[in-house]
Amino acid sequence: MRKVFLPHTPEELWEVLRAEPQAAVYAGGTDLLVKLRQCLVDPSCLVCLERIEELKGVQEFGHEVFIGACSTHAYLLANPIIRSNFPVLTRALELLGSPPIRNMGTIGGNICTASPAADSLPPLYVLEAEVEIRSKNTSRRMALKEFIQGPGKTSLQPGEIVSGIWVKKTPGYNLHHFEKVGQRKALAISIASLAGLLRASEKGVIEEARFAWGSVGPTIITSPEVEKALVGNRLSRPILEKAACLARSAVDPIDDIRASGEYRRLVSGNLMVRLLTLQREVCH
Amino acid sequence: MKISFTLNGKANQIDVPSDRRVIDILREDLNLTGTKEGCSGGECGACTILVDGESRLACLMLAAQLEGRSVTTIEGIASEDRLHPLQEAFVEHGAVQCGFCIPGMVLSAVDLLQRNPNPTRMEIRQGLSGNLCRCTGYQKIVDAVKAAALKMK
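For the protein sequence lines, the chains are E and S, in the order given. By the count of the working numbering, the first sequence reaches residue 284 at its end, each step adding exactly one. By the count of the working numbering, the second sequence reaches residue 1153 at its end, each step adding exactly one.
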């Protein structure tokens, strides 16, 4: 039997973490409790963050938005600040898991589990998100892409939690894209995914582009080469086929129970070609 | 650990290990076997319950998290003398075969209709996308939810 602590304030949390350095921390439990059941982890006790109100919610600070780490995916999907400012994140959260999973799972949990297949990560990478990390006496911000170090690995130290995510608004970008490929339309861990944020001129010429691929490397993959290949061009099939080739060189997928590396590499490129659907949005 | 929560409208107090899974508390300690265990890992929805009105998975929730919450299981949605309109619709439309997915399916539908009282068939499918059924092919389940939504307006 393991004791489960349910702190209601950050102060109670720091006290528990001090007393129990081997504790496993969770919010929704949709990852940790599965691993616990499979005996993949063996913490001394559990700490559930779900009652700490300070860790929830969305706040606007001018051109930046702060997302509390214990905000559930369902909460974020219903939040007007998220929906209007970050369609790329909204689209990914709509496809994450299933309705009850979204009612329980949190964005902080998705980040800290740091699965290469996490659906919130490609959008957060293209949004150049930063995590806020807090302990009893410290608070720091760090680029998400540096915070995540490998599959299941982050730079969280004992006594620290991710308290939230800082995301800058992207008013210039007018094309928002997220697509994931999986074995079914819901309850599917991604086999490959692509988040894209683009700025196109009135004539449809791409001026800026940011992409991030999920599930095709030890962490989220980004590629300046692919982005450069699109800038100055319209989203035509020849350009996207060229970008697809570059994407296939950028990714680093493995074989696992869901798909082969070869398939994932192929699909990583195909996901670029599917951006042709976006071209229709740009045409006036 | 002593835990106080509301269960199907009635105040309840239990004394269980704080890491006991809610599904085990419901099925084994409280004899409410309507909530089913399918996959034990959040991927099938058979254990769906409502917590403070929102669908959650009882296999991924621990006893300590019940404190102060209001829980509804399938046993709690009928009234004294009548089934819930969703239950009636499931029966009328032949949406039940083996029955194993049904409690979770019905509770997910309750949550869905609370948020969206007039869903399209696509929205029903998305709303129930966390509940797997191996028997029916889902068509009659969607029919039943659509019919219940009309009745419940």
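Please note that the accuracy of each hint is not assured.
As the list claims (entries may be wrong) - Computed list of lysine-lysine pairs in BS3-like fashion (alpha-carbon distance at most 30 Å, straight line): (1) S:K1146 / E:K56; (2) S:K1140 / E:K185; (3) E:K136 / S:K1146; (4) S:K1002 / E:K185; (5) S:K1153 / E:K3; (6) S:K1146 / E:K3; (7) S:K1002 / E:K35.
Claimed, not checked - Label pairs and their calculated CB-CB ranges: (8) S:G1053 / E:K185: 20 to 28 Å; (9) S:T1006 / E:G57: 23 to 31 Å; (10) S:M1152 / E:G159: 34 to 42 Å.
Note that these hints are calculated values from the structure, not bench results. Just so it is clear, CB atoms sit at the ideal spot from N, CA and C, and this is done for glycine as well.
Against the structure, the hints:
no., hint, in the structure
1, S:K1146 / E:K56, "violated, 34 Å"
2, S:K1140 / E:K185, "holds, 19 Å"
3, E:K136 / S:K1146, "violated, 51 Å"
4, S:K1002 / E:K185, "violated, 41 Å"
5, S:K1153 / E:K3, "violated, 45 Å"
6, S:K1146 / E:K3, "violated, 44 Å"
7, S:K1002 / E:K35, "holds, 26 Å"
8, S:G1053 / E:K185: 20 to 28 Å, "holds, 26 Å"
9, S:T1006 / E:G57: 23 to 31 Å, "holds, 25 Å"
10, S:M1152 / E:G159: 34 to 42 Å, "violated, 50 Å"
The structure does not agree with the numbered hints 1, 3, 4, 5, 6 and 10 stated previously, though it agrees with the rest.
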